[in-house]
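Colleague: Chains as they are written, first to last, in this note's numbering: chain A, 1 to 240; chain B, 1001 to 1240; chain C, 2001 to 2218; chain D, 3001 to 3218; chain E, 4001 to 4246.
Don't read these hints as lab results, they were simulated from the structure. Every residue, glycine too, gets a C-beta built ideally from N, C-alpha and C. One or more hints might be untrue.
[Said to hold, decoys possible] One-sided and incomplete, this derived list gives chain C residues near chain A with beta-carbon spacing under 10 Å:
hint, residue
1, Thr2034
2, Arg2109
3, Gln2113
4, Ser2114
5, Gly2118
6, Glu2121
7, Ala2122
8, Arg2124
9, Leu2126
10, Gly2127
11, Met2128
12, Pro2140
13, Gln2182
14, Arg2185
15, Glu2188
16, Ser2203
[Stated by the list, open to error] For each label pair, taking beta carbons as the anchor points, the in silico distance ranges come out as:
hint, chain 1, residue 1, chain 2, residue 2, range
17, D, Pro3140, B, Ser1136, 15 to 21 Å
18, E, Lys4030, D, Leu3207, 41 to 47 Å
19, D, Glu3010, E, Asp4220, 49 to 55 Å
20, B, Thr1052, A, Glu111, 51 to 57 Å
Listed here are the chains, written in short residue letters.
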Amino acid sequence: MIQVKNLKKSFGINEVLKDINVTVKPQEVVVVIGPSGSGKSTFLRCINMLETITGGHVYVEGIDITDKKTDINKVRTEVGMVFQQFNLFPHKKVIENIMLAPMKVRKVSAEVARAKGLELLRKVGLVDKAEAFPDSLSGGQKQRVAIARALAMEPNIMLFDEPTSALDPEMVGEVLEVMKQLAKEGMTMVVVTHEMGFAKEVGDRVLFMDGGLIVEENIPKELFDNPKEERTKAFLSKVL
Amino acid sequence: MIQVKNLKKSFGINEVLKDINVTVKPQEVVVVIGPSGSGKSTFLRCINMLETITGGHVYVEGIDITDKKTDINKVRTEVGMVFQQFNLFPHKKVIENIMLAPMKVRKVSAEVARAKGLELLRKVGLVDKAEAFPDSLSGGQKQRVAIARALAMEPNIMLFDEPTSALDPEMVGEVLEVMKQLAKEGMTMVVVTHEMGFAKEVGDRVLFMDGGLIVEENIPKELFDNPKEERTKAFLSKVL
Amino acid sequence: MDFRWDIIAEYAPFFLKGTLLTIGLSVASILIGTVLGLFIGLGKMMRNKLYALPFKWYINFFRGTPLMVQILLVHFAVVPSFLGTTNAIFAAIVALSLNSAAYVAEIFRAGIQSIDRGQMEAARSLGMTHGQAMRNVILPQAFKRMIPPLGNEFIVLIKDSSLAALIAAPELMYWGRAMQGQYMRPWEPYLTAAVIYLVLTLSLSFLLNRLERRLATE
Amino acid sequence: MDFRWDIIAEYAPFFLKGTLLTIGLSVASILIGTVLGLFIGLGKMMRNKLYALPFKWYINFFRGTPLMVQILLVHFAVVPSFLGTTNAIFAAIVALSLNSAAYVAEIFRAGIQSIDRGQMEAARSLGMTHGQAMRNVILPQAFKRMIPPLGNEFIVLIKDSSLAALIAAPELMYWGRAMQGQYMRPWEPYLTAAVIYLVLTLSLSFLLNRLERRLATE
Amino acid sequence: GTSKTNGDGEKKTLRVVTDAAYAPLEYQDKGEIVGFDIDFIKAVAKEAGYKIKVEHVGWDPIFVEIKGKTADAAISSITIDSKRQQTYDFSIPYFLSKNEILVPKGSSIKSTKDLEGKKIAVQNGTTGQEVVEKLFGENNDKLKKFENNNLAILELKKGGVDAVVADNTVIETYVKNNPNDNLDFIEDDATFNKEFYGILLPKGSKLKAELDKAVNKVLDNGTYEKLYEKWFKTKPDIKILKDQQK
Ligand SMILES: Nc1ncnc2c1ncn2[C@@H]1O[C@H](COP(=O)(O)OP(=O)(O)OP(=O)(O)O)[C@@H](O)[C@H]1O
Ligand SMILES: Nc1ncnc2c1ncn2[C@@H]1O[C@H](COP(=O)(O)OP(=O)(O)OP(=O)(O)O)[C@@H](O)[C@H]1O
Ligand SMILES: [Mg+2]
Ligand SMILES: [Mg+2]
């Protein structure tokens, strides 16, 4: 599904990703953890080409997205992304947020897009907010709309970058619930998160990143209970 | 130590605190929890007169701070406050941040203030950052400096408003450690936090606030394990 | 001090005519300046530095030199070499439009740059092209943010149009100076003009404040 | 078009003299205007609305009317009623200072309001009085933020000082107009003046950019 | 005031103000104030035994300065008229002037009558403006008032107006000095009254008697004629000036 080979990324002289090699299989849920600044966000953004890659290759469903000939907009429709800061379009209603990309990119008609949008809103439990503007929603509601918006493009892979860390604690649950549901339906997911409970419950695999490298990877139970690397141990002792 | 009687606070027509009655005994650690917007911050800010109180009385060490004749600056030196956003003075070095109030308010000499400041920095483990500017510190370090700064006025009571919620997860521990140490030394503390582990370990009492009222209060174990009120149960089920 | 209300009354019709022209000049210039400014702003934001250069220097020139120079150049040098004759009102509109276009271009750029980077990233991650994202996501938000500074530029234009008096475009300030020339008294004409300008600019900024509050609550 | 370089060379010494006076006028006015502006800004921020009113109207007047009106009023009406005589350079400095004070007052207010509320709260919670917090915490930070907009106001003053030509203060624009009067040619004098203004404003904004970057990394 | 008397009874230095934007009577030649008026006032001062300092202050300030007695005298092609005489004193007339019309060569305008319906530029606040307004109505649409004659003439050159009305000396000098501009001047003694310039003095100035005597000397001893020829390349009509004194 996703194959990352020798991925390198520098900002100027600052090498943020040093040599990342990961394969994500279909329907797999991969959780990425690691200290701040370790390159987790940059890693996700490289998969979606929001950052220009400095070295190595990323294959999404077999297509090399670092290849100049690849239509990156085409690839992006296959990969949904959910951001920490939601990034809803504040000038559009909830339903319009969801309808916009299908209509503009897939040239779907307004009726079809709206029907699909309402269906997705039902799925995330917000069908009554369809005509509201994002500003009137709580953080948890915003993030659920953002997930619905990404799903509207019917992606095969979903990337989540700390989807719950900008939320008040009592809203974390409702967002994680939607994500668990997605995982259960077989969505391939890469999730950067600090929610260890979610990682244990839903994750097929956990990657621990530090200093631009994947220091350790394992199934959640093993990694949390028996970390092999010193750095993993140190990090987990602080966080758990 | 602190006595809050029939405290009311409105912003315009919005009554944020409805009728708060609390007594904090010397050396007690009181933890305040509750959903966003329930009035936790407003409650703390009223104790420190950062908000003008609409009704009721607050006594700090027997002095009615709602009385117009009370010298509020005098009372404030007895009550230290630590904010979610740290609020360090960015134009002053770490040590100067700590020295400023003792020198200006208590008219302490620079030497004495510096000696005291270095002692406090040692206590929070940051004596090597004395000459650094706040911007060069991590979030956890900033919050520890903020605690040291509040302690420099030798307050009898410390108020903490979500001191760890703006921090990356791996930095939460170092701040909680300093707070635990303070509690151990017998500081009277009122702490708004979502860190249930801290509440259980250090708290003498937990107040659950909702809708401007204290809905339930109890020792931590009881409140977390056997909440009596429906609202408490609902909140805890989301957060724990 | 004797303040001669009678001569103000005498000049009232001229002040009225002048005020109308002042408003006309400002409205025409803000409209033309906005359209022109959008193009120049887009030009300056082009990724190719070489193509962007002329737009950058356009902005530098019009923001870096006094409007008085610009008006005199346009009236006595530029317009005659195109039209073969001078035309004060035309020259005033041209100079004020060119000048405000430079400021509008910067307002436009600032408006676009004020939109959170996350908006473009969200749009791109949904598969939209840069152009689609601009049109559907960035520009609608940027335009809304441009309204207050554009209103401010309009106020500036009302005041700046007073320089058209130097080329004898009969706007408000021109009549103030004509009155001064006739009676050789400074207070009456200039205070009258000042009060009228004040009424114009304060009313406009009052309207703008209301508009801003409307937009904010929307 | 025949462009007569010889007459520009001939007027070069006067342009030089004029440039120096332009710089002098702007420097004097930004200095006086800043000091005055701080007071007016403080006045407008007074909690008592009634006391604040005159300061508010001072700002309204000087920001709401054209500088041309202000310069003419000061030169022909205000200064003579104090000094009994006119003095172009003095009047230019007075008018430009009064005008820039209104803008500085707003810069000052914006600077203070841009400081996060938490700073004042932290200082007060440590037991500092409002005055102590202002002096030790708010103002030092606000002043640093005021530097870029003050620099910008300085650039505006360089351009605005060209209006002093109208009252025969022999600054840059005055010599441009004198040259035009002597040779009855518009291009040479006005383009020369424009280029000199451009050099002044661009150099200043270059210096300001460097200063801003310095301040940002500090 | 600004004038000062030396201890040993030497005559003081007079502060004379002018608006040096009126070639060739007074203007700035690259910073130096020169012109017929300047030479003339120097000659008069010499006769009267004064030193002088001429300063360019602009047109309106002249009246402020003289009224406030901060300057001793002003010379700036100031027409003697009864309205001004209510507030100021004038020396005896020293110069004959009248308005003229400046037009492009070959213009259909041959006299003031032809100005009807034509666009006219004048300097704001001058007698030229007054004449045109008297003929065609105050603030009429075809009249453009500029800040000085320089801008008015430039406007004519660039085709924005059909004629400029200003003092004969200004117009004739411009036509003579700029033959390539193909401009012509039109006299119309029937409509344009004779005007006389005087030295402007504060009301009740003690200088008036001394200066009047000195002016007459300059008129009589040939200095005036010499200066006039230097600046205007023609002979002056001294008799008309003398007649005016009666
Ligand atoms: N656009 C950029 N320009 C320059 N440096 C950047 C940029 N984006 C990220 N970095 C740097 O790259 C490093 C890794 O950043 P990244 O955001 O990937 O970390 P992260 O693991 O997501 O951290 P966090 O948990 O704080 O989100 C950091 O040192 C950061 O400063
Ligand atoms: N300065 C203010 N002006 C108006 N309303 C305010 C102000 N400060 C707080 N409020 C309102 O008072 C209510 C309680 O706010 P408060 O900050 O005390 O809640 P909280 O329990 O601390 O929430 P959180 O967990 O989000 O910090 C909220 O509805 C808030 O909108
Ligand atoms: Mg990140
Ligand atoms: Mg709070």
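Colleague: Against which earlier hints does the structure fall short, listed by number upward?
Modeller: Result: hints 1, 2, 3, 4, 13, 14, 15, 16, 18 and 19 break, sorted rising.
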